[in-house]
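Chain order of the listed sequences is A and B.
The first sequence begins at 1 in my numbering and counts up by one.
The second sequence begins at 1 in my numbering and counts up by one.
Simulated from the structure, these hints should not be mistaken for lab results.
Quick caveat: nothing in here was measured; it's all calculated off a predicted structure.
Hints may be right or wrong, so weigh each one.
Claimed, not checked - Simulated DEER-style distance windows between Cβ atoms:
| no. | chain 1 | residue 1 | chain 2 | residue 2 | range |
| --- | --- | --- | --- | --- | --- |
| 1 | B | L144 | A | G339 | 24 to 32 Å |
| 2 | B | R165 | A | G339 | 37 to 45 Å |
| 3 | B | P30 | A | Q186 | 53 to 61 Å |
| 4 | B | V119 | A | M354 | 19 to 27 Å |
| 5 | A | M354 | B | Y25 | 34 to 42 Å |
| 6 | A | G339 | B | P30 | 32 to 40 Å |
| 7 | B | N175 | A | R21 | 37 to 45 Å |
| 8 | B | G62 | A | P37 | 34 to 42 Å |
| 9 | A | G292 | B | S123 | 54 to 62 Å |
| 10 | B | W36 | A | P174 | 52 to 60 Å |
C-beta: ideal position from N, C-alpha, C; glycine also.
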Amino acid sequence: MLPSNHSLSGVLQQKGINRRRFLKFCSLMTATLALPPRYIAQVAAALEKARKPVLVWLQFQDCAGNSESILRSSHPTVLEVVLDLFSWEYHELVMAGAGHQAEAALERVVREEKGKFIAVVEGAVPLADDGVYCTVGGRTALEIARHVCPNAAATIAAGACAWDGGLVRAHPNPTGAVGISEAVPQATVINLGGCPQNPVNTAAVLVHYLTFGELPAVDQYSRPLFAYGRIIHDQCERRAHYDAGRYVQEWGDEGHRKGWCLYKMGCKGPQATFNCPSVRWNDGTSWPVKAGHGCLGCASHRFWDTRSPFYDRLPTVPGFGADVTAGEIGLGLTAVVAGATVVHGIASAVRDRMRPMPPAVPPPANNEPPRKG
Amino acid sequence: MAELRKYGWGEAHRPEPAFPTVRVYVWELPVRVSHWFIFLLVIVLSFTGYYMHNPFIVAQSGTTFLMATIRFLHEVAGFVFIAAFLLRLYWFFMGNSWANWRAFMPVHRRQWRGMGRMVAYYSFLRKDLVHQVGHNALAGVTYLLMFTFMLIEIITGLTLYTQVRGKWALGWLFNWVPGVFDIQHIRLTHFCVMFAFFAFVIHHVYSAVLVSWEERNGLIESIFTGYKFVPKAELEEDAVLSKAD
Ligand code: SF4
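This is chain A alone, in the form it adopts within the complex (with noise of 0.2 Å):
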């Protein structure tokens, strides 16, 4: 089933979604792209006029939890729109085809498709001994990377583990794995952060790809800065709670019931950044502060390993253990200089009075004579 040359509009269309439902869509694409309304129209009439790319999507070593992402959207259209916008050539977990058939369509697009179709990634790709801890159809992850994403016209890295390398790199990394930009450093990716990934912002890229022909820009991590670019803290319902002074202090509180700062329970919104709080999820019905529980930072860069102890407010110190935080090591090395100090005084007293110094005689000893020069 390769691209078939008829538009969009008559295919959303023949499944019923009319053009009312159809400009809703481009305008959420177009607000959570950051984009002024004025380009609403833009983007319905190149998405009209699109002709629809394929799109692979591989897995790895994954949970498949951001094709579940993509796939639970309640909202039907962006499912739908998004589903209809590309020609869904493979994709293990939603396939029909399976065994060689499967990996003849893939070959086919990577054959035929040259330069012209969109991989989309999900899940780390291991290193470690040739590769053998993931494996599709006898191919090694890192082969299948290797043949693919080079040859697509970009890859979207879709979630932590095809960014960084996420939770299958966290410390100690058994199987060594990577993100798949430092698997294949050749090919063009797009990171998609966040465990998992927000579909509302996978379709927003692709879309931003069919209008303007290009990737959205990006951050120092290749993550577009449509998402990326804003401090969650910044963008939080509770805040004011925050700035106020007002914090929940132990799961079910008053305050937590009240709905106060999650910030003493170990909330990382001030060091995360993404577009949670406005795109949030299942059709912007809510997102983790909303529903009561702190922000993990899951857009993070290897958030596992920088952004643990979850209900910490600091990264355990190294060499320390996990029980024992920062500031109790700080106050105990305050505590021992304190009473080290009072010791010393003691301990000097009595040597002072026990046995007095001799007056001191001019000039004094212990220093050196002038050098020479």
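Start from chain A and add chain B with the ligand according to the hints.
For chain B with the ligand alone, coordinates are given in the frame of chain A:
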């Protein structure tokens, strides 16, 4: 016990020096100003910074603006701290020989020997102090370490600040840092170094009192007035040594 009776527990346990002392202007105004600003700001920054780490006061009324105010104070105090630090940095190059950066660098054998003697003094292996018009070598190295810690606090602090505000020049200067070290580790460093200041302040006040007591050179007063009282011969020797440097 006879000695104890002779000198008693009071002030007069040591005879007054029996040689002429001179009044020397050791700590110039910028040194004292930056010292006291840094002292005050370390207190303000530690209090506000600790609150930002762990908001131990939870507001109950609906009209407070506690964390925002504390954060604001922390940021303002941070910039004043940088100003005080820069003033001291400037005076490393413009000040007298006791304020000069050379006074903090253990580059001479004499300084290393002096350091060994100070360590021996603190561990009760020696009874007499290293007499010095400015800092002794061990104190110099300790201050050098503290200046380094201050610099670390300034860099990590500005890096954290650029995460929220100050995108222009500051952003250009510090936005690369979180790409190299994760922002949580920068935060952890910024927090942990605070305790080094706590430990230092305790030790610093104690040793100043101790040395002032033992040497009777007006050390404590000198950080207010700038003047120390030193034996004449010591001052002459110091002048010769600093010229030799
Ligand atoms: S809940 Fe988290 S993100 Fe929201 S204001 Fe509090 S600390 Fe910031």
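Verification of the hints:
1. Under the hint 24 to 32 Å, the C-beta atoms of B:L144 and A:G339, about 26 Å apart, fit the expected range.
2. For the hinted restraint 37 to 45 Å between B:R165 and A:G339, the CB-CB distance of approximately 41 Å keeps it satisfied.
3. Look at B:P30 against A:Q186: about 57 Å separates their beta carbons, and that is inside 53 to 61 Å.
4. Distance hint for B:V119 and A:M354: a CB-CB separation of about 22 Å, consistent with the stated range 19 to 27 Å.
5. Distance hint check: the CB atoms of A:M354 and B:Y25 are about 37 Å apart, consistent with the given range 34 to 42 Å.
6. Taken as a hint, the range 32 to 40 Å holds for the pair A:G339 and B:P30, whose Cβ atoms sit roughly 35 Å apart.
7. Between B:N175 and A:R21 the CB atoms are about 41 Å apart, so this pair conforms to the stated range of 37 to 45 Å.
8. The beta-carbon spacing between B:G62 and A:P37, approximately 36 Å, falls within the hinted interval of 34 to 42 Å.
9. For the hinted restraint 54 to 62 Å between A:G292 and B:S123, the CB-CB distance of approximately 55 Å keeps it satisfied.
10. Roughly 55 Å separates the CB atoms of B:W36 and A:P174, a value that falls within the hinted 52 to 60 Å.
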